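Asks: Using the working numbering, you'd call the opening residue of the sequence shown number 60 and step up by one each time.
Treat the hints with caution; some may be incorrect.
[Stated by the list, open to error] SDA-like mimics (lysine to any residue), calculated; alpha carbons at most 20 Å apart, straight line:
{"no.": "1", "residue 1": "K169", "residue 2": "H154"}
{"no.": "2", "residue 1": "K141", "residue 2": "D130"}
{"no.": "3", "residue 1": "K115", "residue 2": "L83"}
{"no.": "4", "residue 1": "K168", "residue 2": "L133"}
{"no.": "5", "residue 1": "K141", "residue 2": "K153"}
{"no.": "6", "residue 1": "K141", "residue 2": "T155"}
{"no.": "7", "residue 1": "K159", "residue 2": "S100"}
{"no.": "8", "residue 1": "K169", "residue 2": "H122"}
{"no.": "9", "residue 1": "K116", "residue 2": "R98"}
{"no.": "10", "residue 1": "K168", "residue 2": "Q189"}
{"no.": "11", "residue 1": "K141", "residue 2": "L83"}
{"no.": "12", "residue 1": "K168", "residue 2": "E179"}
{"no.": "13", "residue 1": "K110", "residue 2": "N181"}
{"no.": "14", "residue 1": "K111", "residue 2": "I182"}
{"no.": "15", "residue 1": "K110", "residue 2": "K185"}
{"no.": "16", "residue 1": "K171", "residue 2": "K141"}
{"no.": "17", "residue 1": "K153", "residue 2": "L83"}
{"no.": "18", "residue 1": "K110", "residue 2": "A172"}
{"no.": "19", "residue 1": "K168", "residue 2": "I132"}
None of these hints come from the bench; they were simulated from the model.
The model shown is predicted, which means the values in this text are computed figures rather than measured ones.
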Amino acid sequence: MVLVLNRIYFPEGTQGSLEWNGALVCYTIELPWLGNQRRISCIPEGEYVLKKRYSKKFGWHLHVIYVSGRDLILIHPANNAKKELLGCIAPVTKHTGIGKGSSSRIALKKLKALVYAALECNIVVKISIQSACSAQV
Numbered sequence: 060m061v062l063v064l065n066r067i068y069f070p071e072g073t074q075g076s077l078e079w080n081g082a083l084v085c086y087t088i089e090l091p092w093l094g095n096q097r098r099i100s101c102i103p104e105g106e107y108v109l110k111k112r113y114s115k116k117f118g119w120h121l122h123v124i125y126v127s128g129r130d131l132i133l134i135h136p137a138n139n140a141k142k143e144l145l146g147c148i149a150p151v152t153k154h155t156g157i158g159k160g161s162s163s164r165i166a167l168k169k170l171k172a173l174v175y176a177a178l179e180c181n182i183v184v185k186i187s188i189q190s191a192c193s194a195q196v
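Construct the complete structure from the given sequences, taking the supplied hints into account.
Replies: This is the structure we're talking about:
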């Protein structure tokens, strides 16, 4: 199973739409692209494996593994990339501004239902991150 994240880059943040089989699952927000620098940049484009993860802070969420030069990249709830993310990806129900969105927990719940069902059937789940177009790279 491969989810496709189509990104649009802006100096203030990164907007995305996450699809599976051509259907929209949710939108995403991330930090801007700043050369894959830890804690201040979104991760590079590419294909990554997703795993289930639990923490006291976020409860059940997703872990993006095998990211070159980075660790502990998560998909977790957040509505403001600059205030709440350190290189992670946040699913949102809609975009409200560059790097901002709303109803992140609802979007994550929808995404988890899809991904966790596949993982429970021992299906490898990947996320393919690509550029939809670039406002500024």
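Asks: Indicate, hint by hint, whether the structure satisfies it.
Replies: Structure-based check of each hint:
| no. | hint | in the structure |
| --- | --- | --- |
| 1 | K169 <-> H154 | holds (16 Å) |
| 2 | K141 <-> D130 | holds (19 Å) |
| 3 | K115 <-> L83 | violated (29 Å) |
| 4 | K168 <-> L133 | holds (14 Å) |
| 5 | K141 <-> K153 | holds (17 Å) |
| 6 | K141 <-> T155 | holds (14 Å) |
| 7 | K159 <-> S100 | holds (15 Å) |
| 8 | K169 <-> H122 | holds (16 Å) |
| 9 | K116 <-> R98 | holds (17 Å) |
| 10 | K168 <-> Q189 | violated (23 Å) |
| 11 | K141 <-> L83 | violated (24 Å) |
| 12 | K168 <-> E179 | holds (16 Å) |
| 13 | K110 <-> N181 | holds (11 Å) |
| 14 | K111 <-> I182 | holds (12 Å) |
| 15 | K110 <-> K185 | holds (9 Å) |
| 16 | K171 <-> K141 | violated (23 Å) |
| 17 | K153 <-> L83 | holds (11 Å) |
| 18 | K110 <-> A172 | holds (13 Å) |
| 19 | K168 <-> I132 | holds (18 Å) |
The structure does not agree with the numbered hints 3, 10, 11 and 16 stated previously, though it agrees with the rest.
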